Each structure stands twice: as C-alpha cells, then as structure tokens.
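Assemble the complex: chain A is given as a structure, and chain B must be docked to it using the hints.
The residues making up each chain are set out below.
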Amino acid sequence: MRNKDIYSSLFWIAIGAGVFYEGYDLGKGDLHNPGPGFIFFWVGLVMIGLSLFIVQDVLRNPPPEEKTSVWLGIRWKTILCTLISLMLYASFFVFLGFLLSTTILLVFLFKIAGPQRWSVAIIGAISSALVAYLVFYVCLGSQLPKGFLGR
Amino acid sequence: MNILDYIGIGFSVAMQPVNLFYCFVGVFIGTLVGVLPGIGPIGAMSLLLPVTFKSSPEAGIIMLAGIYYGAMYGGSTTSILVNIPGEAASVVTCLDGHQMALKGRAGPALGISAFGSFIAGTLSIVGLMFLAPPLCMLALKFGPPEYFTLMILGLSVLIYLAHGSMVKALVMATFGIVLSAIGIDAITGTLRMTFGKIELMDGVGLVPIVMGLFGIAEVFLNLEQEIRSERGIIKTNIRELLPTAKDWRDSRGAIARGSLLGFFLGILPGGGGLIASFASYAIEKRISKHPERFGYGAIEGVAAPESANNAATGGAFVPLLTLGIPPNVVMALLLGAFMIHGIQPGPMMMEKYPGVFWGIICSMYIGNVMLLVLNLPLIGIWVQVLKVPYKILFPLILLFCIIGVYTVNNAVFDIYVMIAFGVVGYLMKKFEYEGAPLVLAFVLGPLLELNMRKSLILSQGDFSIFITRPLAAGALILALMLLLTPLIPALRKKRKAIAVKEEEF
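These protein sequence lines map, in sequence, to chains A and B. In terms of my numbering, the first sequence opens at residue 4 and continues consecutively. In terms of my numbering, the second sequence opens at residue 71 and continues consecutively.
Bound conformation, chain A alone (with noise of 0.2 Å):
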C-alpha cells in the first residue's frame, strides 16, 4: 500500500513535470491574455502539489501493511499474451483486414482463454467474425478494412 502510492505519486510527479514544461514552452501568457501553455502550465504545477501531498500523507501517517500482494496469483502470461495479440492486430488490421485479422486474432483469444478445442476455436472465430462483418459492414455500414485480398 505505501509503496504503491509511493510509486504512482512519483509517476505523476514525472508527468506533472513534463506537463509544466510543456506549458512553460508553448507561453503561458498572463492573467490578461492567457497563452496556448496556460492550462498545462498551471494543471502541471497541481498534478506536482497533489502528488507530493500524497507522498508526505503516506510516508507521515503510513497505512497498515495489506496482508497479501494485489500482484499475487495474476496470470501475467495471460494478461501479456492478450495485450501482445491486441498490438499484432492493430499493426495487421488494415493490411491483412477486417475479416482475416479478425478471425487469427479470436481464434487465439478463444485458446489462451481456457482449455477449448481446434475446431471450437476456429469455428466460433470465423463464425463470429463473419457476424460482426454482417452486422457492421452490410447492415450498418461502418467502413472495415478489406485488407490486401480484397483489393
């Protein structure tokens, strides 16, 4: 507990900082004529005072000590392998398309989720990235990707 807000005080002091820089940089003007930086000049400073006040509150009255880790027993692997996936599909999206990328990527979601099946897998991939091109593309008429075969 006191090292989590320790932490996250101390990454929002970085921003905060970054954030006032930026400010300072673009003019802040003055209270006639406020500048483009204005608002970041000021909302910088606050995020470095709010952050320092929770630094002092933690370390003057420190909480009691949480009997067990929020980080313990998470499935990093699969949390890292979603987020890794969700990347690949964004870099691929418009290349590969709607359709395809759709399907490579629900297909591998569907296994790292749970003991399931090739074919549960593949099918309930294609049938439901079929559904969502139906429903968005045809029906609605939301513009996807028809990546490189569709051209």
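No lab work stands behind these hints: they were computed from the structure. Fair warning: there could be bad hints in the mix.
[Stated by the list, open to error] Per the computed footprint, the stretches of chain A lying under chain B, defined by three or more beta-carbons under 8 Å from a beta-carbon of chain B, are:
#, region
1, 9-21
2, 43-56
3, 79-85
4, 102-114
5, 131-145
Bear in mind the structure is a predicted one, so any value in this text is a computation, not a measurement. Yeah, the Cβ is synthetic: ideal placement off N, Cα and C, and Gly gets one too.
Below, chain B alone, put in the same frame as chain A:
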C-alpha cells in the same frame, strides 16, 4: 407554447416508426449488457456511437439513452439470480434480491425490481419534464464565469464522492484536463502536445479513452484469475413474477422514496445510479420497523435501490439538457453524440431543437413500457444469456471494443490509444485510482478552459470576476467546501466510513 404542446411534439417525434425501432434496439441492447457482467452501458454506448452517425440526431440519442436506462433494468437480473451485479448500480440489489431467490422467491424479486424500475423511471421523466424548462430559463442568464464555476463544482462533487482517496481523484481530474487540451488550441490555433503526430491534431478521442479505461481494463482484470466456466445460477421457479398484495404494501413506500431520492441524486455530478441505490437502501433500512430483515430477503431492499437507480437516469438528463454539463460518464458520451450531430445541449436546445429535446424525453416513456415487456415475459431468455461462459465472452467484448473504436474515425491510431488506456486503466485499478474523474474532466476540460479564458479576457485578468457574481461565487464556495472537507477530521472519518461500507458490499 405550454408544456402540453411540447409533450405533443415530443410524442409525435418519439412515435415515428424509425424512432420506435431505435428505442427498441437501445433498450434491448441495454438490457443485454445489463445482464452480462463484464460489459456495461458505457462500453455498449461507445460501441454503437458510430452507428448513430447515419441516423437522425433524435433517433441516435434515443437509442443511446435506451441503452443507459435499459442497463439499469437488466443489471438487477444477474444480481438476483447469480449474486453478480450486471452493472455497478445493481450491486446493492444482490443483498436482498439474491436472498429472496435462495428462498424460492426469485419471481417476486425480479417482478418488483421491474415494476419499481418502471414506476421510478416514469416518475423521473415527469420530474425532468417539469424541471427542465425553468432551469433552461435560468441558465440563459449564465455567462462564462458561471459556467466555469459550475463545472468546477461538478468536478468537485465527483471527486468528493470518489470511493477512495480524494487527492487521487483530483490527480485523475487534472490528468483528464491535460488530455482534453491536446490538439489545436481553440483560441490561438497553436498545436499543443501533439508530438508531431497528425492524428493528435484533433485531440484524443473520447471513445478510445472510455473503451480502454472501462472495456479493455475490465477484461484484463477478469483475465487475472482462472476463468470459471459456469456461474451458479439459481434454479428456481421464476414463472410467478407478479408480486403479491403484501409485497406491494411492503414496497410502495420504498419505491416512492427511492424514486424521489434517485431523481435528485441523479442530477448531482458523479452521483448517478450507484450512489442513489446505496443511499436509498440505507434509508429504507434505517426507517424500517424490522431492519433485521434487511440482508435476509426483504423485498423493500430490492424495490428501493432498483427504483432509485432508474430514477437517477432521468435526473442525470437534467444538467445535460438544460446546462450542457454532463454529470457522469454516460452523459458525457451522450454529449459527444449530440456534438457529432451539431447540437449543443444547453439552455438554447429546448428552443432551437424542440423536436429533439422533447422527442428524447417522451421516448423514455415508451422505452420504459418496452422494458417492462422485455424484462418480465422474456426473463427466461435473459437467464440463458447469463449462461454464456466468460472465456467465450471476453474475446467478443474485445472485438466489439475494437470495432467501436475503429469505426468512429476509421483510424488504427485510435485502436492503439484504446489499448494504451486499457493498460493505464488496469494499472489505475491496481493503484486505486478511479477512471470517472478522468473521463468527466476530459469532457469538461475544453469547456472549462474556454470559459476560464473568456472570463479572464472579459475581466481583463481580474480573478474577482469569479467571486463578485453571486451564482459563480456560490458554486465556487460550495466546491471549496467539498474539497476542504478532508481537512476536518470528523467529516474525513465519515467519508471513509461510507467508502468502507460500499467496499463491503
């Protein structure tokens, strides 16, 4: 024109076949996402926001509003049958609703929840109809200083009502303001924090942020632990849905009080259905002659929170439609939808777009009737929906998030933004930071900055403009009082006690 003429206009718009269709789609999807844990009204509304681009403004907003109040209805089903709230405002319904189900009274619990929701929803719309016109008249007298201080007050209430640390909520609000200021400066035309990216020139989109914080982050949280294949749904007779005469006698007061409280708490920024349901449950327990029954299947414990969270939806429309200030994240999305169609909600809306204004209000009457029809006879279908395992559901939630985000601007960049905010949202949950102040500050940010700079230009840099005008001064004093309460030990303890109670639920 008097109010009856306006209602006539409203119903003529709401009863058009296309608007009836959109209303039905909205309440149907709302009920569905309310039933399904893991996807809430915010995610569903973000997903369907692009769909509204091609519809008329009233049809689009009618559908999005339907999702919001539909989710409030649907959320109770999972609370009662599975002891898992479909969405946050139904958390408290679990306490007595699930106990009733365990005792074989799932039917009356679901019944009173649907009837209570219907009555409260309808009463709140009546309240909205009568409160909106005078508030619009009053709001016409507001200038930039009043708008600026009202928005500061709105953010302060939201921060005050944050579950955890108020300072952390303030940090989130400042971060939201920074994000909202990215892009071209509205007054000078200067590029701000775009880092040379063309995609950032128009700023960061609301939908990728909301989908990331509330959709993707939620999926990551659910993936943390081993996914359970089946939920323990109560196997009980839910055919007899009509509450008995005694049930009605026990619940009528709770429904009336819940409706009234929910409506007024809904108006408050950050209040919404969640606070309303907790507050109404606490009040019912306190005034009951048999408080010991609460938590063991008291029907008032279902009727009061369900009425309150539905009444809060009507209340939440008041500040949005009359002042143009969204009181919560859902209303912020609706504000975005209005803006996309070139309509600025606020005091002039009723005069400029009476069809849209009253059409939306009247569609809520019709939507409430549709919900009653959807929720009672079709309860068996919703129970089947509950059986869909999460390992099937989560890839589909991710898919909907991607489609929803991409189709707003047809930009892959927005998918990256959504993923990034998914990670941010996940870490925020871990480090106990709330997403709501960030999103509301993000939405209010541009208006806040514009009105502050306008006020300072008007007053030639004199800050006293915010304290010499009575309404602005009042709002500012109230905001200051709320933000300074943690410094008063007694109030600090009380606030912490409320937060702990909510956590316990």
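Here's how the hints hold up against the structure:
With 5 residues carrying a beta carbon less than 8 Å from a beta carbon of chain B, the region 9-21 of chain A meets the three-residue requirement, and the given coverage holds. For the region 43-56 of chain A, the stated coverage by chain B holds: 8 residues have a C-beta nearer than 8 Å to a C-beta of that chain, and at least 3 were required. Chain B is given as covering the region 79-85 of chain A, and this holds because 3 residues of the stretch bring a CB closer than 8 Å to a CB of that chain, at least three being needed. Judged by the Cβ-Cβ criterion of 8 Å, the region 102-114 of chain A is covered by chain B as claimed, because 5 of its residues qualify and three suffice.
With a threshold of 8 Å between beta carbons, the proposed coverage of the region 131-145 of chain A by chain B holds, since 7 of its residues qualify and at least three are required.
When the structure is compared with the earlier hints, no violation turns up for any of them.
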